[in-house]
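Participant: For reference, the chains in residue letters:
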Amino acid sequence: MTNSIKEIEGMEVIFIIGSNTKETHPVIANRMIKAYRKGTKIIVADPRRVPMVKFAELFLNLRPGTDVALLNGLAHVILKEGIYNKEFIDEKTEGFNEWKASVEKFTPEYVEEITGVPSGDIIKAARLYGGSRKAGIFYTMGITQHTCGTDNVNAIANLALLTGNIGRESTGINPLRGQNNVQGSSDAGALPNVYPGYQRVDVPEIQNKFEEAWGVELSPKQGLKSTEMVPAALKGKIKALYVIGENPLVTDPNLNHTFEAFKNLEFLVVQDIFMTDTAQLADVILPAACFAEKDGTFTNTERKVQRIRKAVNPPGEAKNDTTIIMEVSKRLGYPMDYESSEEVLEEFGRVWPALQGITYKRIETQGIPWPCPTKDHPGTEYLYKGGFPRGKVHFTGVNFLPPAEITDKDYPFVLTTGRNLFQYHAGSMTRRVAPIEAHAGEAYVEINPADGERLNIKDGDIVKVLSRRGEIKIKARITNRVSKGIIFIPMHYREAAANVLTSDEALDRHVKTPEYKVSAVRIEK
Amino acid sequence: MVTITIDGKKIEIPENTTVLEAARMLDIPIPTLCHHPKLTPFGGCRMCIVEIKGIPRPVTSCTTPVSEGMEVATSTAQLEGLRKTVMELILSDHPNDCMICEKAGACTLQELAYFYGVRENRLAGERRTYTKKDGNPFIERDLEKCILCSRCVKACDEIQGVEAIDFGYRGFKSKICTSYEKDLDCEFCGQCVAVCPTGAHTGKQWAFKGRQKDIREIDTVCPYCGTGCNITLHVRKSVSGEEVVRVTSKEDTWNEGWLCVKGRFGYKFINNPDRLTKPLIRITPKDREASGVKREENSPYDSHLTPYELFREATWDEALDYVASRLKEIKEKHGADSIGGLSSARCTNEENYLFQKFIRAVIGTNNIDHCARL
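Each protein sequence line maps, in turn, to chains Y and R. Take the first sequence: its position 462, counted from the start at 1, is 454 in the working numbering, and no numbers get skipped. Take the second sequence: its position 24, counted from the start at 1, is 78 in the working numbering, and no numbers get skipped.
Derived from the structure by calculation, the hints contain no laboratory data. Don't take every hint at face value.
No farther apart than 20 Å at their CA atoms in a straight line, the calculated lysine to aspartate or glutamate pairs in the EDC-like style are these [as the list claims (entries may be wrong)]:
| # | chain 1 | residue 1 | chain 2 | residue 2 |
| --- | --- | --- | --- | --- |
| 1 | Y | K255 | R | D391 |
| 2 | Y | K322 | R | D375 |
| 3 | Y | K377 | Y | E101 |
| 4 | R | K385 | Y | E319 |
| 5 | Y | K46 | R | D220 |
| 6 | R | K340 | Y | E1 |
| 7 | Y | K26 | R | D211 |
| 8 | R | K332 | Y | D82 |
| 9 | R | K382 | Y | E1 |
| 10 | R | K92 | Y | E1 |
| 11 | Y | K26 | R | E310 |
| 12 | Y | K353 | R | E271 |
| 13 | R | K385 | Y | E209 |
| 14 | R | K258 | Y | E429 |
| 15 | R | K385 | Y | E1 |
| 16 | R | K340 | Y | D275 |
| 17 | Y | K(-2) | R | E310 |
| 18 | Y | K46 | R | D306 |
| 19 | Y | K353 | R | D306 |
| 20 | R | K382 | Y | E429 |
| 21 | Y | K33 | R | D306 |
| 22 | Y | K30 | R | E271 |
| 23 | R | K387 | Y | E258 |
| 24 | Y | K46 | R | D211 |
No experiment lies behind these values; they were computed from the predicted model shown.
So here's chain Y without its partners, still in its complex pose:
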């Protein structure tokens, strides 16, 4: 997030696109509702009638995978009506004129044709967002889990640049992060192309810096992305995987394929708190401590580094991940001797100045959002105050390209996947919580009533859902939440795993994120 969560209250307009905020980030939704009570206008763009629609001034019910067209359409109207922020564009951006030409064809009528959103609503939304100088955009995986995910994000950025809705309080672009520390693990460099702090591995000066810091030679070659490791394992190019606290055998696309790939590994280490589906294929399982059993920090979606504290001991012989990694490292001839987790954070701060000012003592009662370069720096509530780090920011023209898999006679439905309110991700935690399991323990597929009637499927019927990759049996839930022709399956249920159906070949062209939000499927009774 470029803003902090608190700043939501001060926004005039909240534009939520591809985020089921009320179910996936409920407490951020609370803050949005608080803003709504004070008069903030909310626009929701989503293929599903998600619960936040109840608070929306406008609901743009677009077809899955057509976000670029919608976003370009909004930009088109903002340009046409002259409500863009000329001063901001002149001062802080470049490439405006070239980009302007790229949205020329996205008239409301043309966008209606692609997205299914009435042109009148597109104009209204453009006026609402474009007319405000204190607006925030919020998105999650509905934007990123597409072959055009990067394009979607660029189109969002263009919209913010066009209106100057970034770099001020209560004004910005806010991807809501889906896991407790997905921000932190990215910051820490658990990515194949960058060291901690997003410093590229293939830039010699940076490589040298880290070689010096760590006292070893490092590889100058970018590594494989997770969605590349799995096919590489299948081809035998990856021989060993060391997996900590992830469960790709429920969360990766095309699970049949993932299973074969993991089975093909010569050696698999899984370090986790439960016997997950992935652990069942391991050669060695190392029992780890959970969040309540260790000290450390998590960085939340607003970049705030917060303290987590040990409350109880790990069960049995389970150890915390830090200890296990240090033990393995020692055995491979590279002793890592950290006395405490804080020492690790200190080292992290030395290689990435944005964290340098953060100590455990400073975040004893309240977290600090990075960048926080010095010990007396208060942290940064919102980014880009007084300008962008690279100087002027470029408008990036993006064209609309349809999703990789288009519906046809054999696979006439669009499947979109996601989370629900009660379960969490692969379910290894929440599915072991009795009341959650009692209330939401059964997998389901959301089907529109018209489709249900046409296929003679009633609420509660068990149906078969098939894609080109596989099939699952699952209970039908007849609901207006999804539009005709679209079905939704939550990802949490291993026994009817949505990811048996999703594709591992339809990946974002740049960052290789799978297109979980659009698969062509068929329903059979």
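Dock chain R against chain Y, hints included.
Facilitator: Relative to the frame of chain Y, chain R by itself:
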């Protein structure tokens, strides 16, 4: 700004402040039951009454805005007498259940009854009787303990935007219920549990799990989504060690004490018997049939063997030596780039930092990623 005097103390405050808020700024205690700082004022319980010079009768301080020159008395013999009567009225229709009530020790009603010394009740009479009929697995609602303060109704509406419950019926029959007392359409965020001043709303999971005095509180961060709500783990000593028995969130956290169903009720995985407790080494081949991992009709990865039949227990030394020697072997034979690491968005910054350092500096490859991409 206006200047007012409360119990002889002067304070300058913004015009839209209430008398109650002004008194709290001055650290002057005024008892309340229905008031909650994050919810709109209700003026229902009448405990917060004060005397204001020029106004003939006591007024509720939670609903009265300040005005210039106001002179307020918060504790006079008449006010305390009235408050005691209010307590007696409330308690005349409240079960004397403190001995086994979950809320005991953290109950505002109990506190005030103690403060005003109300035990024998001269107003005893007809009592509301309700059968508990909530089928939900999260929240216990005991309407006999409800004092109709409306905090739960307001939290459900104002904070959560759900409006699952409201006042039903009138007069003595008033109760908090769903529309037409039909199905509960609830997100189970438990905000109602958090704001309830009595034992009317409690969490089913922490029933009989320990009194407040036996509990140690540890402030930490929720392990679920990326919002990072601040939570407090309630830990109780038990025979088998210590156990997290409840999760709450404090009002002065950035998330204002609000949580969702997972954050508030989803903690029982911590001391779940399924937790891995010992290093395990595989003893069966990975072949689906031989390993017992068979393809069930709609469950491709399920196993008809328990996972523990696929593995044997090992000591840490054995398991770590095995991991190190196998990784070394594969690196020597196939090169560092034949090894990859998947780190975890569930783990801490420190752990992620160390693991990527391990993969890069020790294994010697940049094949490190995590689920941010998915």
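Participant: For each hint, tell me whether it holds in the structure or not.
Facilitator: Going down the list of hints, with the structure as the test:
1. Y:K255 with R:D391: With a Cα-Cα distance of about 19 Å, the restraint between K255 of chain Y and D391 of chain R holds, given a limit of 20 Å.
2. Y:K322 with R:D375: holds (10 Å)
3. Y:K377 with Y:E101: violated (37 Å)
4. R:K385 with Y:E319: holds (18 Å)
5. Y:K46 with R:D220: With Cα atoms ~19 Å apart, K46 of chain Y and D220 of chain R stay inside 20 Å; holds.
6. R:K340 with Y:E1: Violated, at roughly 53 Å.
7. Y:K26 with R:D211: holds (11 Å)
8. R:K332 with Y:D82: violated (62 Å)
9. R:K382 with Y:E1: violated (54 Å)
10. R:K92 with Y:E1: holds (14 Å)
11. Y:K26 with R:E310: Measuring from Cα to Cα gives roughly 12 Å; hence the hint holds.
12. Y:K353 with R:E271: Holds, at roughly 19 Å.
13. R:K385 with Y:E209: Judged against 20 Å, a Cα distance of about 15 Å means the pair holds.
14. R:K258 with Y:E429: holds (14 Å)
15. R:K385 with Y:E1: violated (53 Å)
16. R:K340 with Y:D275: Measuring from Cα to Cα gives roughly 9 Å; hence the hint holds.
17. Y:K(-2) with R:E310: Roughly 10 Å separates the two Cα atoms, so the pair holds.
18. Y:K46 with R:D306: violated (28 Å)
19. Y:K353 with R:D306: It holds: about 19 Å lies between the C-alpha atoms, which stays within 20 Å.
20. R:K382 with Y:E429: Violated, because 42 Å separates the two Cα atoms, which is more than 20 Å.
21. Y:K33 with R:D306: violated (27 Å)
22. Y:K30 with R:E271: Given that 20 Å is the threshold and the Cα spacing comes to 35 Å, the pair is violated.
23. R:K387 with Y:E258: The hint holds at about 12 Å.
24. Y:K46 with R:D211: Status holds; Cα separation ~13 Å.
Of the hints listed earlier, those the structure fails to meet are numbers 3, 6, 8, 9, 15, 18, 20, 21 and 22, in rising order.
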